[in-house]
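Novice: The lines below spell out each chain.
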Amino acid sequence: MKHVWMWLAVLFLFTGCGFKDIDKRYLVMAVGVDKSELKDKPYRVSLKLAIPTAQIRPGQSNTFHLISDDAPTITEAVRHLKSKVDKDLDFSQTKILVFGTKLAEERLDKTTIDWFLRKPEIQGIAFMALGSPTAEQVLGVRPKSERMPADSLMLSFDQEGTESSFIVTAFLFDFHRRLSEKGLDPYMPVIRPLKDTYLIDQVAVFDKEKIKAVLSPEETRIFNELSKKISNFDIETRTEQARFALNVTSFRYSYEFDERNEAEPKLKMNVHIRGLSEESNQSFYNSNWDRYKAEAEKEAAKRYAHVLRKLQSLKVDPIGFGLRYRATHYQRDQDWEKWLSIYPRLDWNIKVNIDLLGSGGIK
Amino acid sequence: MQEFNLDAHLHGLAQSGDLVTRKLNFNAEAAQLVYLSSMCDNSTIHSTIVKPFLESQHLSEFEAMLQAMPGYEQMKDRQQLADKLIQGYALLFLPRETCAINTKKPPPFQPQKATIEYILQGPQYAFSEDIETNIHIIRTRYPLQDLHVEYMKVGSVSQTPLAIVYDHSKVNHDVLLCLKNKLQQVDAEVVQASNQLQMLITKRFNLLPTAIVSERPDRSVLNLSKGKVILILHGTPFAIIVPSVFFDFLASMDDLYDVPWFTRPLMALRYIGAFITTSLPALYVATVSHNPEIFRAQLAIEMAGSRAAVPYPSFYEVFFMLFLIEALTEASIRLPKYIGSMATTVGGLILGQAAQTAGLVSSIMIIVASMVAISNFVIPINTMNLALRVIKFPLVVLAIFFGLTGVLTGLFCFLVYTTSLRSFGQPYLKLFIGEAKKSR
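Going down the list, the sequences are from chains A and B. Using UniProt numbering, you'd call the opening residue of the first sequence number 1 and step up by one each time. Using UniProt numbering, you'd call the opening residue of the second sequence number 1 and step up by one each time.
So here's chain A without its partners, still in its complex pose (with noise of 0.2 Å):
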């Protein structure tokens, strides 16, 4: 008996945060941070709060509650939050993790991301985006066709719902890996506002300390190949010959450092990807695909070549370059300052392989 008092007195000591009903738990589906304007509390700290419904009713139950303050710690900021609400803060469905741009632009760090990485509710699969212009208008923004509160960035980035080659997924742990990783530079995807949705078809790239760039839309969707090889995207072709999209189905590349030649380091890339044609201009059932592959070769190396001379030059290696040539060319810590040496000369070599499946007419 006695040893079942001790074991019960133990477990209590594992419980956690003890008993509290859901009902009186206020759940906060995402996080804002934006730069506030007074000068001793920068952190604006802005929570979206679910109201919670009995009954699902997609673009009616997604009810929430925005609450923001200023404060000098997000740790305060939070502290401080608890006295305008009701019920406990519970952060344990936060998915949703928010910036704001003029934040990320003067520092977005470890020490910005540490009390996420510390709380023990939010999860490492947090996604992690920057909201342009502020973080608090993105969580303020109410989608039609949402089923809770922020449901609909949860679909955007986690696969679910909708799969575009523009939407750039981050994930906090992943974020916090790159922000310590030599030769591995951490990246976000920008949310922008629009009146009843949102926008996600930018990536923002850091290096480890701040946001560096904001690349296009269709640099986003380069990006997006090269970093997560992801392959329901399209490649559109359009030259004086020929004017065509390609639905790639499956795409995959591999590449290699050639230090051959000291003076000139390359990378040769080599990229594979098979697709269907999907609009077209003219039918070219019966005439010479080849050519056309070429054509489509030919553009897509240039949109590769494009994405990533503009990341060399912004000092940036999202996709990890540098992470492979430590893993290969192992040299105690020389490596990594080789590559600091190597990387703005770097030449690319790129080759495309397109293997067309078929016209996409029916004849």
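Since the hints were derived computationally from the structure, they do not count as laboratory data. Take these hints with a grain of salt, some might be off.
[As the list claims (entries may be wrong)] Short derived list, chain B residues pointing at chain A, Cβ under 8 Å:
| no. | residue |
| --- | --- |
| 1 | Asn206 |
| 2 | Gln298 |
| 3 | Ala300 |
| 4 | Glu302 |
| 5 | Thr405 |
[Stated by the list, open to error] Cross-link-like lysine-lysine pairs, in silico, BS3-like; alpha carbons within 30 Å at most:
| no. | chain 1 | residue 1 | chain 2 | residue 2 |
| --- | --- | --- | --- | --- |
| 6 | A | Lys20 | B | Lys392 |
| 7 | A | Lys208 | A | Lys266 |
| 8 | A | Lys2 | B | Lys392 |
| 9 | B | Lys23 | A | Lys24 |
| 10 | B | Lys105 | B | Lys23 |
[Stated by the list, open to error] Pulled from the structure, derived: some chain A residues nowhere near chain B, Cβ distances all over 12 Å:
| no. | residue |
| --- | --- |
| 11 | Val10 |
| 12 | Lys20 |
| 13 | Arg25 |
| 14 | Ile74 |
| 15 | Lys82 |
| 16 | Val141 |
| 17 | Thr197 |
| 18 | Glu219 |
| 19 | Asp234 |
| 20 | Tyr255 |
| 21 | Met269 |
| 22 | Ala294 |
| 23 | Leu308 |
| 24 | Gln331 |
| 25 | Asn353 |
C-beta atoms are modelled at their ideal positions from N, C-alpha and C, and glycine is treated no differently.
Use these hints to put chain B onto chain A, whose structure you have.
Specialist: Showing chain B alone in chain A's frame:
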């Protein structure tokens, strides 16, 4: 010729209302016929006693005829007369001797249809309440020389006949010895039910039953062929099967009679059902009040919404609904069949719906409660059914204080306890891999 004095012979029974005495007169002598009308069969009395009497001229001739009758016994000991009378013998007081003739009524017991362990396609009849009929059933289904039947009596007052049935070539003799020892030690006054005897020969406060009580002859025979021992108690249509392990309680006879594509998933379903019925209320309390992070966001919001109307903490509604469900189950057992169905309708549908509308319980809780009740009934053996019904309550208490950790610890402790159990020396959680092949 002196007058026959019944009271001198049968002191206690002389005033009994169903005692019949007849004087059978021969020329100079007379015989006295005494029997209990409630225990004896009239036509047997007629054919074994009255007919020889009418056909015989002399007493000696009558005596010779009686001695040839089946069931004739000469009574030397006058003390046994009353006992014989009660057992259904007719007593004949002849001038020179006293004899008893078996004129017992054939037992009124017929095998009844299986109602508790009902299966769809398979043997439909259960045991009867008569021990001889039951042994007859077993002998017919298991016609082997090795089948041994040993009789004994349990209950110091009731003297209930008990048969120990086993296949001598297959039985585990340690188990048999252990069982006989336990039976010797039974010191209850009145033993009337198999469940009662099952408790008397196992530990009374075991949380889980360690001997199956089954009404199915086919289950008993199958277990006989596996070397188990069957106990048949007179006066109840249930046999006790020892030793029994946990997995036996979750097996239905259907598992052998249908195709494996169908029965294997059903078996899995039963184990899932057993898990749900024990732990779902506890998991509800733990997740709703301690760890809502394990839900998906949508479910969490819906749960919070449906709980918003409930003014009490989650464990109040759990206890409220569990009380309702247990009361409902109990009521539908006690009530006559036709009213019983009404009780379930009123209780299940109307009360549940009304309790939710009134804001006493959340709609999710109604689903939890009905799942608990339904899952409980997929377990084929009633004693296990009851055991699992009990176990959920300590788990709920653990969930209230310790959340998910408490539920897991409780389930773990339960597992440890189950492992520690022995059924007549056999490990309770033993697996029988490969053994099933023989019975296909």
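Novice: I'd like to know which numbered hints this structure contradicts. Please list them from smallest to largest.
Specialist: Violated hints: 1, 9, 11, 12, 13; rest satisfied.
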